[in-house]
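Given chain S, work out where chain V should sit, using these hints.
Quick note, the sequences are listed as chains S and V, same order. Anchor point for the first sequence: position 39 equals 39 in my numbering, and the numbering is continuous, going up by one each time. With positions in the second sequence counted from 1, the corresponding number in my numbering is that position plus 100.
Don't read these hints as lab results, they were simulated from the structure. Treat the hints with caution; some may be incorrect.
[Unchecked claim] Calculated cross-link-like contacts (lysine-lysine; reagent style DSS-like; alpha-carbon spacing at most 27 Å):
id, chain 1, residue 1, chain 2, residue 2
1, S, LYS76, V, LYS155
2, S, LYS76, S, LYS40
3, V, LYS155, V, LYS183
4, V, LYS176, S, LYS55
5, V, LYS176, S, LYS83
6, V, LYS155, V, LYS176
7, V, LYS183, S, LYS83
8, V, LYS176, V, LYS140
9, S, LYS83, S, LYS55
10, S, LYS76, V, LYS183
11, V, LYS183, V, LYS140
12, S, LYS76, S, LYS55
13, V, LYS140, S, LYS83
14, V, LYS140, V, LYS155
There are 2 protein chains.
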Amino acid sequence: MLETPCELEALRSSIDNLDAALIHILAERFRCTRQVGELKARLQLPAADPAREEKQIERLRALATASNLDPDFAQKFLAFIIKEVIRHHDAVREQSGKA
Amino acid sequence: MLETPCELEALRSSIDNLDAALIHILAERFRCTRQVGELKARLQLPAADPAREEKQIERLRALATASNLDPDFAQKFLAFIIKEVIRHHDAVREQSGKA
Numbered sequence: 001m002l003e004t005p006c007e008l009e010a011l012r013s014s015i016d017n018l019d020a021a022l023i024h025i026l027a028e029r030f031r032c033t034r035q036v037g038e039l040k041a042r043l044q045l046p047a048a049d050p051a052r053e054e055k056q057i058e059r060l061r062a063l064a065t066a067s068n069l070d071p072d073f074a075q076k077f078l079a080f081i082i083k084e085v086i087r088h089h090d091a092v093r094e095q096s097g098k099a
Numbered sequence: 101m102l103e104t105p106c107e108l109e110a111l112r113s114s115i116d117n118l119d120a121a122l123i124h125i126l127a128e129r130f131r132c133t134r135q136v137g138e139l140k141a142r143l144q145l146p147a148a149d150p151a152r153e154e155k156q157i158e159r160l161r162a163l164a165t166a167s168n169l170d171p172d173f174a175q176k177f178l179a180f181i182i183k184e185v186i187r188h189h190d191a192v193r194e195q196s197g198k199a
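For reference, chain S alone in the conformation it holds in the complex (with noise of 0.2 Å):
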């Protein structure tokens, strides 16, 4: 087997320690996603907000571009969450329809 070189196990030590803030964050994002569809449903809002979406990918990718970061890989990140939101409201929808 091949000894894995010194430089590159520090690199992946450092995306190890980025890859474990990023899970976090997201749990937590999802935490407050969470709440957000809660409360539409108690408040009887709707639960898409295209404005407020449309504004998120602007944000996103002008944060994205400031870091030298892709800005349609920005815009398609926020997409692939948004998606797994909607995944989460749609079963506590299901769910509470069963209760």
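Same frame as chain S, now just chain V:
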């Protein structure tokens, strides 16, 4: 136009802060993987490392479970990121092929 309730505004502020953190951490992660790509090319190491990827999946699933995030989502998330990393590496290879 409906006024946004205070509680919803507060949750959205948290989501916006978390999103900014995610974008910046992702930008740093791609800085690292770019260096990994260059290092692997220089040392003529294979681009893919299935054993490393297997370990990353297991680790992220465990971190997700511990932070109450769906481990399947964490795995999908890693796959989403790795797909982008491969796209970057291909672009770099193509560019150096042209040079």
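**Report entry** Hint check against the structure, violated hint numbers in rising order
**Finding:** When the structure is compared with the hints, only number 13 turns out to be violated.
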